[in-house]
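Q: Chain residues, written in single-letter form:
2 protein chains.
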Amino acid sequence: MTEQVLTSWNEGPAKQAVLEYVHGATTPGPAFVEPADRIATFDNDGTLWVEQPLPPQFDFVFRTWEDEVKADPSLAARQPYKALMERDQEFFEGLATQEPKTVATLLEAFARSWAGTTPEEFDARVRQWTQTVRDPRFGVPYVELVYRPMLELFDLLRANEFRVFVCSGGGRDFMRVFAEDTWGILKENVIGSAAAYTYTSGKIVRSRELLGGLDLGPGKPEHIFAHTGRLPAFAGGNADVDIEMLQSAAFALLVRHDDDQREYAYTKGAEASLTMADQLGWTVVSMKNDWATLF
Amino acid sequence: MTEQVLTSWNEGPAKQAVLEYVHGATTPGPAFVEPADRIATFDNDGTLWVEQPLPPQFDFVFRTWEDEVKADPSLAARQPYKALMERDQEFFEGLATQEPKTVATLLEAFARSWAGTTPEEFDARVRQWTQTVRDPRFGVPYVELVYRPMLELFDLLRANEFRVFVCSGGGRDFMRVFAEDTWGILKENVIGSAAAYTYTSGKIVRSRELLGGLDLGPGKPEHIFAHTGRLPAFAGGNADVDIEMLQSAAFALLVRHDDDQREYAYTKGAEASLTMADQLGWTVVSMKNDWATLF
Numbered sequence: 001m002t003e004q005v006l007t008s009w010n011e012g013p014a015k016q017a018v019l020e021y022v023h024g025a026t027t028p029g030p031a032f033v034e035p036a037d038r039i040a041t042f043d044n045d046g047t048l049w050v051e052q053p054l055p056p057q058f059d060f061v062f063r064t065w066e067d068e069v070k071a072d073p074s075l076a077a078r079q080p081y082k083a084l085m086e087r088d089q090e091f092f093e094g095l096a097t098q099e100p101k102t103v104a105t106l107l108e109a110f111a112r113s114w115a116g117t118t119p120e121e122f123d124a125r126v127r128q129w130t131q132t133v134r135d136p137r138f139g140v141p142y143v144e145l146v147y148r149p150m151l152e153l154f155d156l157l158r159a160n161e162f163r164v165f166v167c168s169g170g171g172r173d174f175m176r177v178f179a180e181d182t183w184g185i186l187k188e189n190v191i192g193s194a195a196a197y198t199y200t201s202g203k204i205v206r207s208r209e210l211l212g213g214l215d216l217g218p219g220k221p222e223h224i225f226a227h228t229g230r231l232p233a234f235a236g237g238n239a240d241v242d243i244e245m246l247q248s249a250a251f252a253l254l255v256r257h258d259d260d261q262r263e264y265a266y267t268k269g270a271e272a273s274l275t276m277a278d279q280l281g282w283t284v285v286s287m288k289n290d291w292a293t294l295f
Numbered sequence: 001m002t003e004q005v006l007t008s009w010n011e012g013p014a015k016q017a018v019l020e021y022v023h024g025a026t027t028p029g030p031a032f033v034e035p036a037d038r039i040a041t042f043d044n045d046g047t048l049w050v051e052q053p054l055p056p057q058f059d060f061v062f063r064t065w066e067d068e069v070k071a072d073p074s075l076a077a078r079q080p081y082k083a084l085m086e087r088d089q090e091f092f093e094g095l096a097t098q099e100p101k102t103v104a105t106l107l108e109a110f111a112r113s114w115a116g117t118t119p120e121e122f123d124a125r126v127r128q129w130t131q132t133v134r135d136p137r138f139g140v141p142y143v144e145l146v147y148r149p150m151l152e153l154f155d156l157l158r159a160n161e162f163r164v165f166v167c168s169g170g171g172r173d174f175m176r177v178f179a180e181d182t183w184g185i186l187k188e189n190v191i192g193s194a195a196a197y198t199y200t201s202g203k204i205v206r207s208r209e210l211l212g213g214l215d216l217g218p219g220k221p222e223h224i225f226a227h228t229g230r231l232p233a234f235a236g237g238n239a240d241v242d243i244e245m246l247q248s249a250a251f252a253l254l255v256r257h258d259d260d261q262r263e264y265a266y267t268k269g270a271e272a273s274l275t276m277a278d279q280l281g282w283t284v285v286s287m288k289n290d291w292a293t294l295f
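In order, the protein sequence lines correspond to chains A and B.
What the first sequence shows, in our numbering, is residues 1 to 295, in sequence order.
What the second sequence shows, in our numbering, is residues 1 to 295, in sequence order.
Derived from the structure by calculation, the hints contain no laboratory data.
Being a predicted model, the structure only gives us computed values, none of them experimental.
Heads up, none of these hints are tricks.
Pairs involving identical chains hold if they fit within one copy or between any two copies, as the list cannot separate such chains.
Straight-line C-alpha distance at most 25 Å; calculated DMTMM-like pairs for lysine to aspartate or glutamate:
1. Lys187 - Glu161
2. Lys203 - Glu34
3. Lys203 - Asp240
4. Lys101 - Glu209
Just need the whole structure built from these sequences, with the hints factored in.
A: Right, here's the structure in full:
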């Protein structure tokens, strides 16, 4: 098995732990996991793709808001448009820590941008973005900045009858546009923060309200349970907002960003999760040491 | 193909229409449906199992409420406990028509029964019910009153790369307890009305509020879109609360209850859907004529 799977992973404790878990889960014995219970869930930003300097969805949203400010310059005096125009990164980092006022302001702006639109309209905007906008540092579309080792992990898990889900604080409907082509994950296996929809006159239309809260922190196991009826057997994350999801899983994998040559090195927003990984024996993946190829 | 599939279906226009749709959806040509888009959704009560005199979940809930009235007799003066003690069927039929006050009263009682419980506690109660309680007319557990022709239809659809979902106004978590054994459908493919859950101290616990509204009428395509990111290619229902789901699908199948010998004959609650089936060319299944075997 080890020869043909996880080929972009270096030999080492992380790869070994993953292979051992999967072997145990699929082999009669004390670690066996019933096929129905083989749910694997992964965070997206920083776990499946680059999240520095900001998660790519911000780039998408900022372009929309810049268009809105052009159409209505009075918006520039208000948040979050003001922070956007001033490139106030600290303001947006308040989202990761769930600073309530920041979150409320952002959700209101999301609603202003998208309430009343159909999925077709939204999807077309996202597709245009994935096809035309490039990450400034790497010079490629953001969807090409997905970590190849994680896609190989999906393959390994699926080959062993795990169902792979993405569970991100980011927009569910944003991710669903590229999930099938980029991750090989069906839309219905993408869980994330999402607006409610109404069905009127034979059409699905986006509403103003968020349904089920942000998919961050405790929201992750809540969304996963609501969606699947289970908590995960295997979970992967990279940040403090993934802690509850990782805690709820039998096997937890934490990606550590320590490779400033090929990607970024930072622990900001991951301090508590790195400490817990130590305490609880989670498997920590060093991007620098454990991954031979990144993209 | 026709020899080995839908063996409990009589030859006739309904079976023919289903086979033709599936053949078209899977054959290059104008009716081809991309595998990713092959979503099939089915109502439960009256579509997959007997719903007369009341949907089986009521039997489960009534037993819980009877226990609660025994523990606190003062409840008997209030709805819905009063209606239960007086066997006031009309009161409960207000749920199917979404009479707002009835719905609110019932939801409040559901919350009183289950808020604060873990999935394990709830599942154990449902499992005890499926194993011990029998339908008074048929003398078997309710889960044995699933229509065999529909299970064969699931097999046919899955063999043709459709993903089969159940989408019911009934309780999502109630159905998930028996979905895998009874329908061969994974919990994550069960969509229904559901409470919110909170994750606290490492546990998922049921909260008081309903999340995303009742999965009835327009709520069906809304729940389906939220869960899968798509509207169905194939949908099956039997009542007016299924109309929007059937309208949202490329192929719609409506079960007509016209067999009072083997099951029940009634059109109550299905009048509008039967009229629409005529107007829109939906495939109507006569239980009496189209199904050789029922259970």
